[in-house]
Each structure stands twice: as structure tokens, then as C-alpha cells.
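Number of protein chains: 4
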Amino acid sequence: MKKGLKIATIGGGSSYTPELVEGFIKRYNELPVKELWLVDIEEGKEKLEIVGDLAKRMVEKAGIPIDIYLTLDREEALKEADFVTTQFRVGLLDARAKDERIPLKYGVIGQETNGPGGLFKALRTIPVILDICREMERLCPNAWLINFTNPAGMVTEAVLRYSNIEKVVGLCNVPIGMEMGIAKLLSVEHSRVRIDFAGLNHMVYGLDVYLDGISVKDKVIDLLTDPRNSSFVKNIQGLGWEPAFLKALNALPCPYHMYYYKTRDMLEKDLKNAETEGTRAEVVQKLEKELFELYKDPNLNVKPPQLEKRGGAYYSDAAVRLITSIYTDKRDIQPVNTRNNGAIASIPDDSAVEVSCVITKDGPKPMAMGDLPVAVRGLVQQIKSFEKVAIEAAVTGDYNTALLALIINPLVPSDTVAKQILDEMLEAHKQYLPQFFKKISV
Amino acid sequence: MKKGLKIATIGGGSSYTPELVEGFIKRYNELPVKELWLVDIEEGKEKLEIVGDLAKRMVEKAGIPIDIYLTLDREEALKEADFVTTQFRVGLLDARAKDERIPLKYGVIGQETNGPGGLFKALRTIPVILDICREMERLCPNAWLINFTNPAGMVTEAVLRYSNIEKVVGLCNVPIGMEMGIAKLLSVEHSRVRIDFAGLNHMVYGLDVYLDGISVKDKVIDLLTDPRNSSFVKNIQGLGWEPAFLKALNALPCPYHMYYYKTRDMLEKDLKNAETEGTRAEVVQKLEKELFELYKDPNLNVKPPQLEKRGGAYYSDAAVRLITSIYTDKRDIQPVNTRNNGAIASIPDDSAVEVSCVITKDGPKPMAMGDLPVAVRGLVQQIKSFEKVAIEAAVTGDYNTALLALIINPLVPSDTVAKQILDEMLEAHKQYLPQFFKKISV
Amino acid sequence: MKKGLKIATIGGGSSYTPELVEGFIKRYNELPVKELWLVDIEEGKEKLEIVGDLAKRMVEKAGIPIDIYLTLDREEALKEADFVTTQFRVGLLDARAKDERIPLKYGVIGQETNGPGGLFKALRTIPVILDICREMERLCPNAWLINFTNPAGMVTEAVLRYSNIEKVVGLCNVPIGMEMGIAKLLSVEHSRVRIDFAGLNHMVYGLDVYLDGISVKDKVIDLLTDPRNSSFVKNIQGLGWEPAFLKALNALPCPYHMYYYKTRDMLEKDLKNAETEGTRAEVVQKLEKELFELYKDPNLNVKPPQLEKRGGAYYSDAAVRLITSIYTDKRDIQPVNTRNNGAIASIPDDSAVEVSCVITKDGPKPMAMGDLPVAVRGLVQQIKSFEKVAIEAAVTGDYNTALLALIINPLVPSDTVAKQILDEMLEAHKQYLPQFFKKISV
Amino acid sequence: MKKGLKIATIGGGSSYTPELVEGFIKRYNELPVKELWLVDIEEGKEKLEIVGDLAKRMVEKAGIPIDIYLTLDREEALKEADFVTTQFRVGLLDARAKDERIPLKYGVIGQETNGPGGLFKALRTIPVILDICREMERLCPNAWLINFTNPAGMVTEAVLRYSNIEKVVGLCNVPIGMEMGIAKLLSVEHSRVRIDFAGLNHMVYGLDVYLDGISVKDKVIDLLTDPRNSSFVKNIQGLGWEPAFLKALNALPCPYHMYYYKTRDMLEKDLKNAETEGTRAEVVQKLEKELFELYKDPNLNVKPPQLEKRGGAYYSDAAVRLITSIYTDKRDIQPVNTRNNGAIASIPDDSAVEVSCVITKDGPKPMAMGDLPVAVRGLVQQIKSFEKVAIEAAVTGDYNTALLALIINPLVPSDTVAKQILDEMLEAHKQYLPQFFKKISV
Ligand SMILES: [Mn+2]
Ligand SMILES: [Mn+2]
Ligand SMILES: [Mn+2]
Ligand SMILES: [Mn+2]
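Residue numbers (the numbering used here), protein chains in the order written: chain A, 1 to 442; chain B, 1 to 442; chain C, 1 to 442; chain D, 1 to 442.
With the rest of the complex left out, here is chain A:
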């Protein structure tokens, strides 16, 4: 039997990698990683080397015998891997900037996961992830695919529906962030708080909240709507919620719900930002530049605190926690994206959902959540419909299907606007969307 685990990280040149490495270091006792393969594409070679060197310094500093490999050869990295993590970004942040800017020209929020931007991210990403799955079937058929690449919900469902890889989990830091935020609001340790999560990626609700195993949902909703906490709450969510809304909803929305329940405010904010500091992608581009400058410092041998601004807070914890629980059959409860299997009523069994699961060596086992509260069923269903149609468009490269996905998205205000956005974005991302253009050229 192999001694130690082999991890392959696709998109290893990402600025997030130091956090992942920190996670492996921290949990080395439970999770004996032997080899960490960071793999990237030709265009990412420079970043890969910078971040790879930092990773090597980090494990050395920690005195942990993890071997770091840098490679542009994905097959080499995948071969006999035990876990494959994916954090790549097709078209890099430039593409994301277009995902955000083009819709804004038409007065529409871009939103890189469940909005028009998310559609295009899915169209670019899904063919690549399916390629990776085909390689995994050949090179490491027993490996677990832990996907962080957004839109994580759609990517997970695409793998479940259109590949033979069944060992796939989609991961997001939103739920863990909600738990930690509420722990802070309650002034208690995170470990004492547990939320029953149910919904979709970036469309997840906390159906109940427990402190030491006892429901404190009403108290939490009171705290969230107490004006005395407004600065704190706004801080974690950007904008506040109407108290009467939260009370009637009787569930905890996630920060991304702002796009759907405060669409007008979010559009204004995005428009203003685009004019001033730039879209989120543009802001992140600057942050990343600074981060890579830091990473280059040969004296840096720990994850720099500046990374937290990047938006990846708790990411390390979520990722390595999940891998550790699978590896050790820990059977703890974690919210992940997985096959529904009846956990959430009205969503097909074979769809991906984001739901509290028990994490076993056989993978995540969702906890049965029953039917969603009536008030949230519709929106969840609508995003799930959007996701399914978008995945079909990504796989088939069919123009009409892509248009349909856009039109049924709740952020898009009309079929005609949808067509304008679609046409401009298809053109803008042409090089990453061969499935749409080979059809036309034939």
C-alpha cells in the first residue's frame, strides 16, 4: 500500500494555493499528504512557479514531509492521485471582468455564479472539467474530485450528469462563513454553532441554527434584525435585510441572496463600483498582483494575512476539513454540494444541491431536509432550472439553449436584453467557447 496521499491541484498557480498548503500543514497529523502536485497551464507558468516556491518554503518551515511538485502536465499530476482539487479559472480574471461588465452595460447584474456571468463561467468551465473527468477515469478512477471552481453547483451537477466520475464534491466557503458569522454574533466558539443548510450553491438557506445542539433560530433572527447590530450585520452582508422580511422568511438567507431579494440595490452598487473602484474581478486583479508580489519574497514562508481580503476566508479550513473527513471516515457534518438523493423535496434526486451532509469515507451523505419553506421553494427551483438549462447549453453548445438559460435567470429583465447580452458575450469569450462556434462554422 502507498505511504501517504497524493493530491493533485488543478489551477495550482492560483493565489489561493498558500491557504490550501497551510491547511494540509495544519492537519498533517490526520491527513498524511505525501505529494502535492500543483498543475497549471502554459499561460499560468510564472504564477505557478511563484506560488509553488512559496508552498515549498511553507512546508519546509513547518517541518512537514510533503513533497511539492510543479507541472504543466496534467496527466502526470492526475496519475494515481487520491484527491484532485480544482481551482482553475478558464480565461482568468480578464474573462470574469467581462462576465461582470458586459451585463452591466445593459443594466443587468453580472454575478459570476448564478447570474449571466455565471452562465458564461459555466459555458467556459464545464467542457474543461469534463475533460479532466475523462482523464481521471483513466488515470485515477478511485480519486475524489473536490471542486472549488465556480459555479461550483453547476460544475458538480455537470460532472454527475455528463461524466462517469461519481466521487465528486463541490465546495464553497459561504456556509462555513455563515456559521462563523453567527458564532461571532452570539459571541461563542464556531464549534458550538451548527446550521441545517439546504439549497443550492450560492443560494443556500440556513433552515435552523443550533447552539450546543439547541435551536436558537429565533434568537439569531432577532439579533440579525436588531438595529444595535446593524453595523456588524451590514459588515458581514454588505447591506441589511428588512427585519420583517427575515422574521417572515423564518430561515437564514446567504449573502448571495442579496442579488435576488435586493436586486435593485445590488445593481446600483455594482454600477457604482464599476465606475469607481472597478468590478470585483478588477479589484481582485489588483489584489492578486499585490499578493504575487508578496509571494515572490523569498523570506515569506507562511500564508500572508493579506490573502484573507481576497475573499477566500475559511477556504482552507473548508477544503482540508472535507478531505480529512473523507479520508478518516470522520462522519462529521459539513455543508457541501452533492447529489440530492431526496434530501431536498422537489429537487430531482440526481441534481446537485448544497446541503448539510455527514462526511464518510464513502463520501457525503446528505441529511434529509424535507420540503423547503414555501417562500423559498420557488426561487431555489428557478435557479435549479437555470443551472440545468445552462449545463445543457455548455455541453451542447446550442445557442437557443444558452438564450433560454439567460432568459429564465431571475436577474435578467427581458428576452430581448438577454439576446443582446448573449450575443455580445459569446463574441467576447469566443476563444473559450469552441462548442458554440464550431457549430456555426460547419
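Since the hints were made in silico from the structure, they are not lab data. You may find that some hints are simply not true.
No copy labels: a pair is met if it fits in one copy or bridges any two.
Said to hold, decoys possible - The calculated BS3-like cross-link candidates involving lysine-lysine, where the alpha carbons are at most 27 Å apart (straight line), are:
| no. | residue 1 | residue 2 |
| --- | --- | --- |
| 1 | 56 | 219 |
| 2 | 365 | 167 |
| 3 | 269 | 289 |
| 4 | 79 | 56 |
| 5 | 217 | 430 |
| 6 | 430 | 98 |
| 7 | 247 | 365 |
| 8 | 361 | 330 |
| 9 | 419 | 247 |
| 10 | 361 | 219 |
| 11 | 79 | 419 |
| 12 | 289 | 361 |
| 13 | 26 | 3 |
| 14 | 330 | 184 |
| 15 | 286 | 361 |
Start from chain A and add chains B, C and D with the ligands according to the hints.
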């Protein structure tokens, strides 16, 4: 046994009544109406008399022995009725004008059925219809309640959930209008065209279209998207659809879908209309005034053709056709609002849906439609969620619940805007919403 | 366009054929059959000629221009057919006699449709029907397949799941027989009675009964349990039901339910019959012999009344009524076996069920029946499970799967007995079950 | 806050009690029980005192500060209890002997949980448990009700449907016994084996089996069907399974499945036992007599090993393990009877199921199991139907409903036999079934 049927029409002073009377006259052979009781409230007395006198002249002209009774005493009208039809309007067109104008002030479409306006119409109407049901339980427990009052879907579901009246059907002229429009497009008799309808009131889709029993859906979608038919199509729908959208949707939307798939265009149109000719309620107010002037003419003894502009096209046919089919156990197929009973997947069995039914003497029996196309499931679910929460608000008079209904409505762009609209509309309709205000006053 | 319809009847040499021919003659005005192709296999040639000659005499006597063709060439018969009816019997009545006798040796009811006998009939029949479907795909892809061959429920589901033929309906005379029996009990014309049927083939329940469109279920149950009707009721059902059972069940069982709710009595009866008059197959063999003697009579030119004893009562009416309603888009209500599509809750959408349908030119459209009464859900589910596993065994020829089907059948008292029956029956029917034996020989 | 927990054990005079006490002693570190109240009825006073004295000696010997209280006053015991366990037996073993013997007279297995005997146990027990629930609502509304009284599935569902107590769990030692048996077969520690359980009480299946988190289902099925293990397997199950059956079933049946998949063999065995050693109740009566003789020994201060023969193996572990996990919010996986909430498809959300759950302080959270394998769906549904109808009969005391429950039970061979059994058993248990007799007397 009684000779002939007793019909009670609540809101009998409506401008629609002549069409209903015409329907009864035309189908007298099959449907032996003996007594038609037109009942209205004190404020509607004058209109009741005008329209009642016209009705009397109409049956006299037709030589049909239907006795017309005019009354302000609802109990007298309901007593031992065989069919009760409801076409009343709480707060009259003035209230509807507010339903339309107030949201527009906040840049939101009013939409008198499934939008913010529809919420308020439901809040005003549902307590009244439940009162009528309680009277029916006492005075005519075996009668059928045929409801035309909007929002017809919510009213039907409220009766199913909150009264003991099980014999209730909600009726709308949209589906029959779609069938007739398509027959015209195909240049064939209406009787040769049949559509499989499934969805909710004013949110119904044609899942398939048959000509002489053979599916012609693809052809119909081609015709609907053929630029050569654009003037015709726009005429029946107001605005055209993107051809690629209709093809990908692979189902026929109803005209009200414009509000959800062309929200921005419809908002602009509504705003412009409000500034120029007035909102729809205001236009109808003028039309009604003119109609009642015509109705007063003692020489008029038929339904005047001007009524068709009112928006009630095919109304007579739909209404009397339904009553006739129930009475005669005709077992023909008609789209109505009834208890789902599994006909549409993902919608609870006990919810009201608008669906093609076989009409028997035991009422409408919905045809099993299976699951809705994935692209439409979400929107239908969202409106159904809105309806359920809105009904609960109407019954409980709970502020938070009403706010929740508004926020989850797809036409409403934010929780904060929702609150502003709610507060202004509650105040504007205060006299018709005792359930909300008695709570506060206590 | 073709003048008149072409019908192909597989198993045309059956003793039932004269009834079918009578049906076509009676409905010729509505259903202009031009060609009736009776096709059979080499072993059935003599019977085919006898019954074919009678059929020719019948149409001649009736003065109807239907051309009767007799052939052993199935492809010729199928070519461009409009309707294909199937009434063949793989292994003839000899095989059925074994289906009945072998289980009885082990103290188990044979039951040729939903019992152990039915399993073997399915194993023999399904491969043949799937062959026919493949030919139909090639020779008459637009034809409707109207299947009378038992087990009609399983055959229909096998076609739906394992062929590309979607236009398939399974037909049985049990529901129409129930309606007619109840009409007789109520002393009214059959046309005034309608039953809401839901369940599976030979496992169908009447959920409600209407006389002139008004529910008379309670009255019918009273009549069925009134000792004054016992001789009549026993006559139509063989054995009586416990009155308290029928009242609590609150639905009408079909005669085949005797096997499941009176298993011990039926087993005794079958055992006694097997010892005295022979099993049903053996009795029918004698009847058929006599029938064919009659058919040979060159002076016979109508359906002989003796045929009714054969067990095919109302068969003609059911079969031609269905074909006529499809052809004329009649939209009347008939109980048939078709794709569930949500009509009966808890049964998968793509399973075959026996349910009241509206018959259109586009095929049967089931009426939504909601959930079955709690008391019958389990048994229906159990037979559906048996059917699904049995179909899988028929298609794969897998021994273990066939054993599983037998064991989960409610008539089979143990896994060990099941294995004994399976082994003996596989051997007995070896020549008709190549799918099971080629596997072993390889 | 209270120091330590108060446990109330209804039926505290049971021979099982020493095992429960042993469990509390063993887990005292995690579960600080302060007071254990053993409560019984007047007729059980002597046994209560014997077993209570033993319990006192046991805690004294263990040096654990648990106070044991003996009482006939149920209210006193329930007051402010934290956990209520129920292990009472209405009518004692005499009644169970009748449950077993009377059906056997009619050639029917009695089966004290899901068979005719189980129906009568339910009819006697459910009114009593609902009384206890009403007292709990008053005296200890926050307590958890841990029910061991059979039929545990029906009792749990009755509490969920007909009381206001939501904190209820039904417990059985069958699943834990299956896990331990398989661990033994694999020659590994129990803690390394985990089974995905799904089904109903005494009708539970192992859908998958894991060793150290990796599925070993195929291997286990091979072992179970390997003739070399036959003596071991028969030992744990009484009779062996047909290997081909287990392979095709592709799930692990529980020992009680013998009644349904080996009905004939079990009937023979029961009949033979009844003639020789007596029914199970009669055997247990002797065992209990001997046990109580042992319990009386003032030198006995531990659970005597003879108790294991009683049939309660692993009972202590299951019971105290569950209470401990609730109390400590342990979040481990245990199979218990709880509200389905969507965990098992086709079973209503609000029905009780036996399913693997994560045990939290907020109670058991079932893991989503999706749809059951097609081959087992029917039987599970049938027993669930039986349970629902039986519960309704227990609550209403309606004769017809009780008859219906019996007839739809898969062990009962006919409606007529059902009626004979029902009539004789109602009479035999008359004193414990007031709900059936007060109706008649009025
Ligand atoms: Mn995320
Ligand atoms: Mn309408
Ligand atoms: Mn039949
Ligand atoms: Mn048990």
C-alpha cells in the same frame, strides 16, 4: 324535482353580465336556466338595475323563459342555487387603479393578478369569497361555485384550503383566447385546435398543440416566430417574443408571461400608458362608463359589440360552456383552475392549478401532465409560492406575511421597495382590509 | 392519402378474432377499415385459415368492404399498418397449462398474469413483442400498437422501456366488465355508469362510481354487500367479499383481487378445479376446440354466441372502441394501460398503469387520480415491483432476477419454494426462453 | 440548572431493566443520570420491587451516585423528567401468547409486531402511549420519549400523528444486531462496520455495508451465501436464505424478513414450536420466571448473563447509546425510528421510518436514502399501509378499519380468515380494548 336551474351571480351589476346572459340564451337547449339572480351591493345598485333591465330585454327578445331577479340580498340569491358565479370587484375599479399606480411610483409593475396589485386584490377579495362560501355551506351546499373574480388562481386555492366548499372552479379566458388565436393563425376552426394547458392562472403554458388531434407544436412555434406574422402575433400579444426563446422553450407562453419574460419592456409600457391614456383600470373605467350609457338604451336588447373591447372576449363562451358541461356531464376538455391532484408534478396535490380537465358532472378532472419542462418549473413554482404566502396573508392579516409575499414576487426588485409599496398600499386600501387593521387597533 | 385503414392483427388465428371482426363491422361508419391482415405463425396456420375464412364470410354477410388478408409473413402484415393489434400466445394454451399446473404442485396459485404463471408468460412474451416493435419501427413507425396479449401491463411497460415505440396501449376487458356489472346491479344502461379506475392491469380499483355523473359509490358498495344480491355478486366474481372489508376499503376491487385478498380460498378452488375439470387453460383448450369446430361451418357468417363463454366478453367492444376513439380523436373516457405520467402518485412517471384516460388522436391522456387510498397503495406497489423485476428478467435472461421476481410476488410463500418452481418452469418452457439458456450454454 | 438527569422508565418492572441500568452505569461519565424512576402498574408491583432492588444493588456495587426510585404513580415519575423510556407491555406476556396462538389456530403466523399479533399489540398499546404523551405534555414537555415498546414503528408514528409530543424516537435492537453479526462474520470490531439502514421497524434493509468506510456489500453477501458459513448464518437468522435471492436483492434483509420471504417455513416452524416448546411468549414467560428468581438473589449485583437469552441482546447498548448521543449532541450515526422527512422516497414525510440517522441534541436527523431498491419498495409500502390503517383502528376503535388492517397484512391469507381471527382476538383481548367495546355498548 326542480324544473330548471337557479343561477346566482355575485357582482351581477358588472358590465360583463350581458355576455353571460347571452351565453345562457345561446345554450338554453342544453342548459335549462329557470332563474338568474343578479346580486350586488348597495353601492352597485344603479349599475345592477341598468344591466338587469338589459338582461330582461335580452331574454325577452330571445323568447327564452329565463326569469331575471335583481337583488341586494345575497342570501336570497344563494338560497338553493345550483350554480353560483362570482364576478365582483371589492373596491371597484378605483381600487384596481391604485393597485396599478402605487407600484409604478416605485418603478414596479402593478399587475392586477400575479404582481403586487394582485397581492392587494387577493387581500381584499379572499375574505369576501370566504364569507360567500360560509353562506353557501348553509344555503346551497350542493351548488358549484364558478369563480371569475381575479386573482382567480388564488381565490380558487383559498376556497379549497380555507372553506368547506369543494365544488369550486376558477375560470379565465386566457387559455381559450390562446386556442382561438392559434386557430386563427392556422386559419382553421377553433374546434379543430386543442392545447394541453398546464400551469397557474395567468401563468399557464401550452405544452402541446393539436390540430385534428395531431401535434402541430413545432409548426405553431414557427408561425409565431415568423416575421411575416409579426403584426398578427404582436396584435394578440402586445409585444413579440424572441424566436430563439420560443424555440428553446418548446412550449407556448401565455400573454401574461410578458410580465415575467419581458419585465423591462412591460414596465416601460405601463409607465408610458400611465402617463398618457391612464392605467388599464382607468381605461376600463372610461369604457365601462360608455358601456353603461349604451346599456341604458331601452331599445338595446342584445349584447352590444363594444363589450368585446372591455377585455372579456370569449368570456361568455368559457363560462357557460363550463356550466353546461358540468350540468350535462359532457366530459369535454376545458382548461380551468382546480385542485391539482397530481396532474402537475412538484405542485402540491391540494394546490390550485390551471390545467386541461375533463369536465364531468362531478366537476373537472385534470389530465396528468407529468413534470413541467425544466425551463418553466422554476417560475411556476415561484408564483405558486407567492400565491400561497399571499393567501396566508389574506386570511391572517399578518403584516410580515404580506411583506414576504411581495418580496418573493418576481416583479419586485427589493425587500426595501417591497416595504415601501406595502405600507403605502395598506394605507390606500385600508377600508377593504379590516383583517390588517383590527390587529393594530386592538 | 390512403383510403381507409390498414389493421394488422398478430396472432390472427386466435379464437377471439371473430369478435374483433364483429367490432370492425359494427363501427365501420366511424372507422373505415380497408384492410385487415391476420398474421400467425406456421404452427397456427390451420387455425388461421379457419378463422380467416369465417372472418371473410362475416364481412361479406355484413356487406362491408373490408379486405381480409391471411399471412404467415409478419413483415408484410406490418408494412404501413395504421394499427397493430397483438393477441398472440407464445407456446399456446399448452404453455399456459404449465404456468398453472406447475405452481399448484408446490401449493401455489399459478395465475397467468400477476402470479408465477404471469412471470413465465412475461418471460416468453416480452422478447417477441420487442421483436415486433423493432419491425414496427422499420415498417410502420406511425402505427399504434394495441396490445391484448397478457400480461398486458408488463407487456405495455416493456414496450415503453425497451423499445422506441411510444404509441402503445395495453387493453383489458376487466374494467369494462366491472362497469357493465355495476350497471346491471343498478339496473341501468352501461352508458350511464362511469368508474374512476386506477391501478395496474388485473390489479385495478374503482376509486369512485358515477351514475349520470353523480357519485353512487356508497350505494354500490351497499348493493355489493347486500346478502340479497349475493347470488348475483358471486356470479360476477366467483366468491363474495366480506361486507366490512369492502366498506372499509372504500373502493371497488376487481375480480383478480380475489387472488390477493382471498388467496387461500382461490388456491383451494384452483386445486380442486385442477383435479376435476382441469385448470383454466385446459378448460379453454376444450372450449377452443369446440369453437373451431363451429368456425369451420361454411354456413356460419356471424360471431357464434358460444364465444362469450371463452372469457372474452366485452373484448370486441373494448378493442374497437379504443381504436375508433384514437382514429376519430373522440376524447371519451376509457380505462387503458398507458404511461403513468403522474396520474397515480408513488408510481414512477414512466411506468405503465391501468387508469381512466381521455382517448385522443394523440393517444390516451390519463386523468390525475392523486394518491391511491392508503390501504391499497402497498399491494399496487408490490405488484408494480414484481412487474419491473419480471420485465428486467425477461430482457436480460438473468436467473437471479427471475428468482427475485418470483420471491417478491405476494402469491409465493417462500424463497425456497420460489426456487423450486422457477427451476421446474424454466425447464418446462425451455424452448420459449432462449434468453435464459444461451447464457448457460456459453 | 438541575444537576444530573432524571430518567423515567415506564414498565420499569420489566426483566430488561437490569440491562438498562448496566447501560447507565457504563456510560455514567458521559451521561450524568441523577435519578432513575422505575414506574409500573399495580399488577406489576412485585416484579418492580424485585428488579428495583437489583437495580439499587447494581448502582451501589458500581459506586455510581444514581438514585433509583420505584413507584406506581406515573405522574410523579414523569414530572420534570429529561428522558422517558417506555418498555411496558399491556396485558403482559399472556396477551402476547394470545396474539401468537389465536392466528395459528387459523393457520396464520401471529408475529407480534408486523403481523396479526402486532395489530393487536398496537390496538392495546397505542391508547396507553397516547395517554402517556398527554401527561408528558403537562409534566415534562421538553423530555425525549424513547420508546422500546413494540410495535415500535407503529407506536412512534402514532405519537407523531396523534399527540403533541414531537421529541419521540422508536428504538429496536435489530439493526445493531445486524451490524454486530456482520462484524463477526468479517471477524472485525463492530465499530469498524457501518450499515446504511432504510425501511420500517422489523422491516429494515441494509442498503449498503461499509468496513472502515469502504463498501463491502458484495463481499458480505458472498459470505452470507457461502455454504461454509451456513451454520453461523442460520444461527443468527434461524433459517438460511437462497443465495441467488440475496444476490439479486442486492440488499441485506433483517431477520424479521423471514416472515415475509419464507412465510411457509416460518408458519411450519411456529406451528411446531407451539405444539412443543410453546410460542415465543410462552418460552419467554418461563425465561422471565427464571430471571426473576435470579433477580431475587440479594447477592446478585450485576446483570446476570442469562438475560441475553431473553432476546434483548444489544438492547442496553442501543438504548443508552441513543440517550447519550442526544444528551451530548454527539452526531454519531444510529438507526432509529423517526419522522421520515423525505429520507426514504415514496413514504410520506410525516410517517415513521427506521433509518440511519445522525443523532444530535435536536434529535435524530435521517440521512437521505433516496428511493428503495425496486424489489423492496412494494413490501415496505405494504407494511407501511398496514401500519397506518392499524394505527387508525387503534385510535378510532372502528371494527371495519381493524378488519381492513388485517386483510392487507401480507401474512393474512383471506378476508374471511381475517374476520374470524379479528372476532376471536377482539373477544380475547376485550378488557384491553375499551375503544372497540364502548362503541358497541352505547
Ligand atoms: Mn462559493
Ligand atoms: Mn383571467
Ligand atoms: Mn385482462
Ligand atoms: Mn424490535
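Exercise for the section: Measure nothing new, just compare the shortest in-copy and cross-copy C-alpha distances for residue 217 and residue 430 to 27 Å and report within, between, both or neither. Expected result: neither (47 Å within a copy, 33 Å between copies)
Regarding residue 289 and residue 361, is the shortest C-alpha distance of 27 Å or less found within a copy, between copies, in both, or in neither? Neither, since 38 Å and 47 Å both go past 27 Å.
Using 27 Å as the alpha-carbon threshold, which applies to residue 286 and residue 361: within, between, both, or neither?
neither (40 Å within a copy, 46 Å between copies)
*Intra- versus inter-copy proximity for residue 56 and residue 79 (alpha-carbon distance at most 27 Å)*: within (21 Å within a copy, 63 Å between copies)
- residue 247 and residue 365: within-copy, between-copy, both or neither at 27 Å Cα: Result: close only across copies, 25 Å inter versus 30 Å intra.
Could you figure out if residue 365 and residue 167 sit no more than 27 Å apart (CA to CA) within one copy, between two copies, both or neither?
both (12 Å within a copy, 24 Å between copies)
Please work out whether the CA atoms of residue 361 and residue 219 approach to 27 Å or closer within one copy, between two copies, in both situations, or in neither? between (35 Å within a copy, 18 Å between copies)
Task: residue 26 and residue 3: within-copy, between-copy, both or neither at 27 Å Cα - done: Classified as within; 19 Å inside a copy, 38 Å across copies.
Status of residue 247 relative to residue 419 across identical chains (alpha carbons, at most 27 Å): For residue 419 and residue 247, the Cα distance is within 27 Å only across copies (14 Å; inside one copy 38 Å).
How do residue 56 and residue 219 come out at 27 Å by Cα distance, when the copy is not named: within, between, both, or neither?
Neither way: residue 56 and residue 219 sit 46 Å apart in one copy and 43 Å across, limit 27 Å.
When no copy is named, should residue 330 and residue 184 be tagged within, between, both, or neither for a Cα gap of at most 27 Å? Answer is both: 26 Å inside a copy and 23 Å across each meet the 27 Å cutoff.
### Homomeric proximity label, residue 79 with residue 419: Cα distance no greater than 27 Å
Classified as neither; 43 Å inside a copy, 47 Å across copies.
The structure fails to meet hints 1, 5, 11, 12 and 15 from the earlier list, while all remaining hints are met.
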